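**Q** The residues making up each chain are set out below.
There are 6 protein chains.
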Amino acid sequence: MTTKKQLLDYAVDDAVDLYVLLKSADVRTAKNGKPYIAMVFEDRSGEISGKYWDASPSDIENFVAGQVVHLQGRREKYQTHPQIKILHLQVAPAETGLTAGDFIERAPMTREAMEDYVNQTIFEIEQPTWQRLVRKLLTQYRDQFFTYPAAKSNHHAFQGGLAFHTISILKLAHHVVTQYPDLNSSLLYAGAILHDLGKTIELSGPKATTYTLAGNLVGHIVLLDGELVRACDPLKLDPQAEDVLLLRHMVLSHHGLLEYGSPVRPALREAEVLHQLDELDASIMMLDTVVDHTAPGEFSERVFALDGRRFYRPNQPQSQPKPEN
Amino acid sequence: MTTKKQLLDYAVDDAVDLYVLLKSADVRTAKNGKPYIAMVFEDRSGEISGKYWDASPSDIENFVAGQVVHLQGRREKYQTHPQIKILHLQVAPAETGLTAGDFIERAPMTREAMEDYVNQTIFEIEQPTWQRLVRKLLTQYRDQFFTYPAAKSNHHAFQGGLAFHTISILKLAHHVVTQYPDLNSSLLYAGAILHDLGKTIELSGPKATTYTLAGNLVGHIVLLDGELVRACDPLKLDPQAEDVLLLRHMVLSHHGLLEYGSPVRPALREAEVLHQLDELDASIMMLDTVVDHTAPGEFSERVFALDGRRFYRPNQPQSQPKPEN
Amino acid sequence: MTTKKQLLDYAVDDAVDLYVLLKSADVRTAKNGKPYIAMVFEDRSGEISGKYWDASPSDIENFVAGQVVHLQGRREKYQTHPQIKILHLQVAPAETGLTAGDFIERAPMTREAMEDYVNQTIFEIEQPTWQRLVRKLLTQYRDQFFTYPAAKSNHHAFQGGLAFHTISILKLAHHVVTQYPDLNSSLLYAGAILHDLGKTIELSGPKATTYTLAGNLVGHIVLLDGELVRACDPLKLDPQAEDVLLLRHMVLSHHGLLEYGSPVRPALREAEVLHQLDELDASIMMLDTVVDHTAPGEFSERVFALDGRRFYRPNQPQSQPKPEN
Amino acid sequence: MTTKKQLLDYAVDDAVDLYVLLKSADVRTAKNGKPYIAMVFEDRSGEISGKYWDASPSDIENFVAGQVVHLQGRREKYQTHPQIKILHLQVAPAETGLTAGDFIERAPMTREAMEDYVNQTIFEIEQPTWQRLVRKLLTQYRDQFFTYPAAKSNHHAFQGGLAFHTISILKLAHHVVTQYPDLNSSLLYAGAILHDLGKTIELSGPKATTYTLAGNLVGHIVLLDGELVRACDPLKLDPQAEDVLLLRHMVLSHHGLLEYGSPVRPALREAEVLHQLDELDASIMMLDTVVDHTAPGEFSERVFALDGRRFYRPNQPQSQPKPEN
Amino acid sequence: MTTKKQLLDYAVDDAVDLYVLLKSADVRTAKNGKPYIAMVFEDRSGEISGKYWDASPSDIENFVAGQVVHLQGRREKYQTHPQIKILHLQVAPAETGLTAGDFIERAPMTREAMEDYVNQTIFEIEQPTWQRLVRKLLTQYRDQFFTYPAAKSNHHAFQGGLAFHTISILKLAHHVVTQYPDLNSSLLYAGAILHDLGKTIELSGPKATTYTLAGNLVGHIVLLDGELVRACDPLKLDPQAEDVLLLRHMVLSHHGLLEYGSPVRPALREAEVLHQLDELDASIMMLDTVVDHTAPGEFSERVFALDGRRFYRPNQPQSQPKPEN
Amino acid sequence: MTTKKQLLDYAVDDAVDLYVLLKSADVRTAKNGKPYIAMVFEDRSGEISGKYWDASPSDIENFVAGQVVHLQGRREKYQTHPQIKILHLQVAPAETGLTAGDFIERAPMTREAMEDYVNQTIFEIEQPTWQRLVRKLLTQYRDQFFTYPAAKSNHHAFQGGLAFHTISILKLAHHVVTQYPDLNSSLLYAGAILHDLGKTIELSGPKATTYTLAGNLVGHIVLLDGELVRACDPLKLDPQAEDVLLLRHMVLSHHGLLEYGSPVRPALREAEVLHQLDELDASIMMLDTVVDHTAPGEFSERVFALDGRRFYRPNQPQSQPKPEN
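Protein chains in written order, with my numbering: chain A, 9 to 333; chain W, 9 to 333; chain E, 9 to 333; chain S, 9 to 333; chain R, 9 to 333; chain F, 9 to 333.
The following block holds chain A by itself, in its conformation from the complex (with noise of 0.2 angstroms):
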């Protein structure tokens, strides 16, 4: 009955037929006064929505946010935006043995691996001061920094997330600084651990994630700045030393722009790499995303975080024979 094919594989009209994860599940009134459910579905291939409608007392009991669901229905599109028209739906078997973690999006590396790398660079980092910093702040956020999406929505946001483009960065910055050996290759790492680390106190948790009080208010690249002079006292550091003034300048200009959230542009060479770097990685991923649920031949939907952009998938396969010269 079920298939492999996974949520966003079905093309618009095609039946669809799957188990997946009910991510979010709001009771509302339709316009002819009964109550529907406005629902998302997940899995790893990413997610769609769908109305329930005419939702019976215990349907709005049994389908609630992070129960997993057999879904039969159809794909469709309402006003450009995908979705699903629900056919059939019902609470999946226990005998299924499936539970939400089997459908929700992770990074593509395990937690184990992930920690190995950062800490294999940790070891790189041969300027003192900017080592115990980071080892400080990543002692102190270590679970949240391994689990934590990037971002609520765009790129990364993902389980993991954090942590993964944390170290697509740090892995670009290796092979920059062999190809550009002025770099301070300390600074560089150190920076990249530790830019976006503030979002374990912006962001709510890796699951539903929303800002915080926090967040709203102060914003991670501020609130990282708070923790790193926080960090300064135990460990007998000046907040104002010229080697903790480079790390937290890291930190601060990492967004590049003062419109973009930054309070200083970069003002140093390593800065401005790191700031380079980290557009260069959300990019990618962003892309890499957005190509893949565009079929070949057509335009993708308006990407927001890239201005709004289309971005084009070629007929053209990606490699081929090559051609005899």
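Simulated from the structure, these hints should not be mistaken for laboratory data.
In silico SDA-like links for lysine to any residue, alpha-carbon gap of 20 angstroms or less:
#	chain 1	residue 1	chain 2	residue 2
1	A	Lys93	R	Arg36
2	F	Lys144	R	Cys240
3	S	Lys93	F	Arg36
4	F	Lys85	F	Gln14
5	E	Lys179	W	Asp190
6	E	Lys39	R	Arg36
7	F	Lys244	R	Asp241
8	E	Lys85	A	Asp62
9	R	Lys85	E	Pro43
10	F	Lys42	S	Arg82
11	A	Lys144	W	Asp241
12	R	Lys244	R	Gln139
13	F	Lys85	F	Val20
14	W	Lys39	F	His96
15	W	Lys85	S	Lys42
16	F	Lys160	F	Ser212
17	A	Lys39	E	Ala23
18	F	Lys85	W	Val48
19	A	Lys39	E	Pro43
20	F	Lys42	F	Pro65
21	F	Lys244	R	Cys240
22	S	Lys42	W	Pro90
23	R	Lys215	R	Tyr149
24	F	Lys59	F	Leu26
25	S	Lys244	E	Asp241
26	A	Lys39	E	Leu95
For each label pair, taking beta carbons as the anchor points, the in silico distance ranges come out as:
#	chain 1	residue 1	chain 2	residue 2	range
27	W	Arg310	A	His182	44 to 54 angstroms
28	F	Gly213	S	Glu120	50 to 60 angstroms
29	W	Gly109	S	Leu95	52 to 62 angstroms
Just so it is clear, the structure is predicted and the values come from calculations on it, not from any experiment. The beta-carbon is built from N, C-alpha and C at its ideal position, and this holds for glycine as well.
With the hints as your guide, set chains W, E, S, R and F onto chain A.
**A** Below, chains W, E, S, R and F without anything else, positioned relative to chain A:
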């Protein structure tokens, strides 16, 4: 010989003859190969530059920054910038008893009066967390707060200017909370006192003020946020508790726009009001100076900090006998 | 049956039962081909919309704008906009004695008190030309000035709002001229009284306010300038004399920026101050309303007129027992 | 001795020898302490500056603005700005019969021809209100209209330039109403004649033109609107009647954008057309001058009023024998 | 039964009864699960949409794009957008003899007249390189040039609109070169003819016009530049010779600003003029349509391509008996 | 006598004594009427200007651009710009054997190594159309490609800079396609090789580089697109086939924003990546130079091409003994 006129009271082509402070004195080489000294003179009316040509070695030794001098010359205009043509210059004789302090612009309140006003306002902060944080930080930076300027240039760029600007805002705030009683006066006063306190770290000191490295790489807004977070540990406060976050937000958002260096825009009624009162006081202070130095019936030079606008000083007297109706 | 609760006091899903004013009632055709009435209800707490389905001819005849009605229903949310689901609706019986005036939001001062305040301030305008021009124009537009709203929407959009907003600015101005005595109080008061008087020509009236053709093609700023020029002839004044130009400039520049509709930017100290006080009062009025309608611990809806920002209402009570020092 | 070449016909390093008008002459002090005169020379080809070093008292007395002089020197370039190196200068002998008027750039039509053209167009304004308002204001400002420049600098900055620029627009307008007959020709002609008439109040006069106080504090657009309103009373017109509002709107919106000083953007088809014809004529006039003063195969200096662009003058001749096909 | 009224002549609530073209017909699923057809109807007055509910299989088969139909219904407004409520719909009987061509909006000149005008202008291009390039490209794209619209939407979005828009610019150009004889008429005419010719590659065709892949990835401006370069080889021209570069620049710069897709800004007098004439004709064409569809005394809907402005249609008649003077 | 120090190694006030290349030498007239030569000196560390006063006719003859000279003088600062005060200058004796080539900054790879790298990468382009187009254009412009600078100023403004910049991007690209395997490496490499090849037409040559007319009127981005289209005919390719369009788009969009001269924004994943790698390499190259020329503990001059930012060179050494953990 000397007159009671001050440095900026002279019109173009007037003969100048008075004691002034030599604010800066840089030795350079002229086109003809001989050394000259680029000088800036200062008294409480403001400052103006001049060139001392054909400087002898003893001139170079005598005419150094900080020296009080007897200046005779002529006020001129060099490519729209005012300057003094120096005709005769000598070090002020000891018997005049004049010191640098006699010529430096100061806040128009005594330090004692300023301390009283601020202390009184702290009593009016009813919320205990905010009161304790304000007390702690003010104790820590008291001396700098009452002697530093509010800026390197533009508004309140004089000794004690930082405290005087803060007090002006507090006075406006006292009126505003009376007129609009829904505002939280404790939050507004606490935010006002701390809003520019970070300048005591951003700027190098009360005289010959420059930006510190911390000022350049972090900026006064985030520097003070760091100090607020750091003050929480000894006071056993949680830097992410709501009341602490509200105060941090007051400081962080007071420039109003991200483009002006605030990492977050005002999201509290009181934060919006603080931002607007800050602008109002700064604008009036700048304009009072600008209009004072403009002749009636003329437009001022362009005011850089007000988008390069020029301001008109009317011929119209400021007050008159009341009309009979 | 009815309660003392007002229209905007209900939370989502609350049952609503109260007398309100039918502010507007437009008949439309539903998807099923039957007529329905799109209604807006109003009382002094604000306004909210609802749809009256399956309207009979007699419903259409009875439920017209301006009618007081007894509304029973439920508060709902339709795509982020609040609305009322109407369950029962009937015209208020005559014996309730309720009239439209009982439900319309008004300025929180009586007209008499507002007239007194403005008259008193006119006495304080010492410069005779400005006093005569203010008197003449205020006499001409007195009734409109004390009954019109200050805007179609946003701030002070209620009966008497125009005069009330003007008086709020005058109160701020009285404080400001005390704190900064170099300001010309006559010019500031005269400019403040006239600054928005052109809205009596720009807007259609105190109720169901729309823009007039003159408002759309000329705008209130230039309309008032025209009236100032026109008033000069009978008063034997030269519209290009300095004192008249100063007052014209106060009105013309009060939006601060060309992009906001001022044909010139402020070039007088008093014009800059008027612009800033106008913004300050408008912001506080808007924020008071916005924060009032937000639950503690939550962020408001986006405030369009403040760049779409959302504002936080703290859990923190506004005042508390004074800390022991 | 003198030649028929004009001031701007000389290339860099050419010897210059001709009669010119001394447009301005400011006495200043050189670095060596001696007075010199900063001069601007003018003839009908344009203007250029030069410095008269070591000026004697009698030089200062003789060489005053408005004097016709015999100039001998060399054309040079000083930091990208052209200038004349003065080798010999003397007041033109009375017997040459030369007067200032012989050297001032003028509109390329006689005043009489310009008056005829404008009068003829007024006859074509069929709508009576517009015709009466145009007649009244033109009668009032006739002399200024036919002698003032269109601007202090940039385009049509010569005597009679205001009327000439207006007539150029009227000529374009006559063609446009033929090609697009839905346009209301009366409104377009009336708006075109009045659009810049406020410059007769904004500018100080036909020579040595500066901005008046009215120009600085109100601006020509709103000044003319004031005059339109003021003209209504004697003509028994209502300044808020539709036909008057349409004409006011034509004038008020003709700069097209709020940022360019129009308090409203064009909201009439004819207002949009007037704005575009105004830009078209101004651009072509500027570019004709700019390209004339550029050598074939080179780029001009940056044209400030066209966003600092530089324009290319082709080697390509402008017309050639027709190709045989 | 049918009337002479056209599709856009009906006011809201009018009964509609006429033959029209079914421009598009998309089958979708309604909330109740039944198929409906989203239709767009068109005749020479414009187009309007409507929904055909409860579509049977034979309805879906019959009502396809391109079909002429007899439409009976009512004009309505759905959330500010006009639409037709369909009451009865049937395929037009063969005996009416109506075809799609009878309903499609066309250029108001015959193709023959347009070809004549363009050919005549080509004769007036005296410079041989430009004439040869224009001839070659026009020969190559002749059919598309005289049948394509000028755009997918906005101005001249009808069959033949591309040539008609080009000819309108040429007419303006003929007048302008007479009034400003320094302009190079050959360059202006050649540039005008080619400026939008790239749209024959950018757009898919004269009907149901969409963007081609070349249009999306390259754009009409650079596509035509590519064709110009490519045409040089057979004509033995150097694409980097001055005369070819001048013509390429005319095409490349005609959008005026980089932000509008021109890779270079106009750097020739004629390029600036072409850009302005292009804007003038496009604006007038758009405004004629907009004002036509607005009732006297009302403002139009927002015109997206003119910065979202709304335009007023005066009550004022367009022409009247001449006033007696 | 001469030292191994290079031109930019001297601090302000240092005595300078070394052989350098006279990069440019313009004869001008000083205020005292005597000729002087405005010179620019260059060696591999960079360039700096100086003025040679009171030039004799033989000086003017000897000191011409391209000459190697022995320079003795002093490094000074003239209004924030560094310059050399020339004390003694003579043409380098023939016996030194020094030629211009010894002083011109070059790419830090040999031409041979650069050719090898590019050839190797071309082999890795698996898609035949792209490989053939790259081969053809590189063959055509090979010499220019390996000798031209990448720009007139800013980054890679040295001989061979164009190829070196391209290779730096290719190295980054090789790493990126490994880390993000979904990217089409053939397209990225082909686009990278061609992206700036148009500069061989836009710029005048490897030395004394200026913009050509084609560069000014068309620009390197569109010039290369023209060459791509032109190359299609002999290769029997359709310039509007998908694979050709993809490559054209890579080149056309690589400036990222319309405002920066790209006629289209990136609409392919690989185009976005190319744009970002281009910026990354250019920024690092500029910053390496800027930071090199700044003293430790100081901020650089403003970097125009990076929005006028100033960059800090830390006192902090770049690497240190690893901390013991």
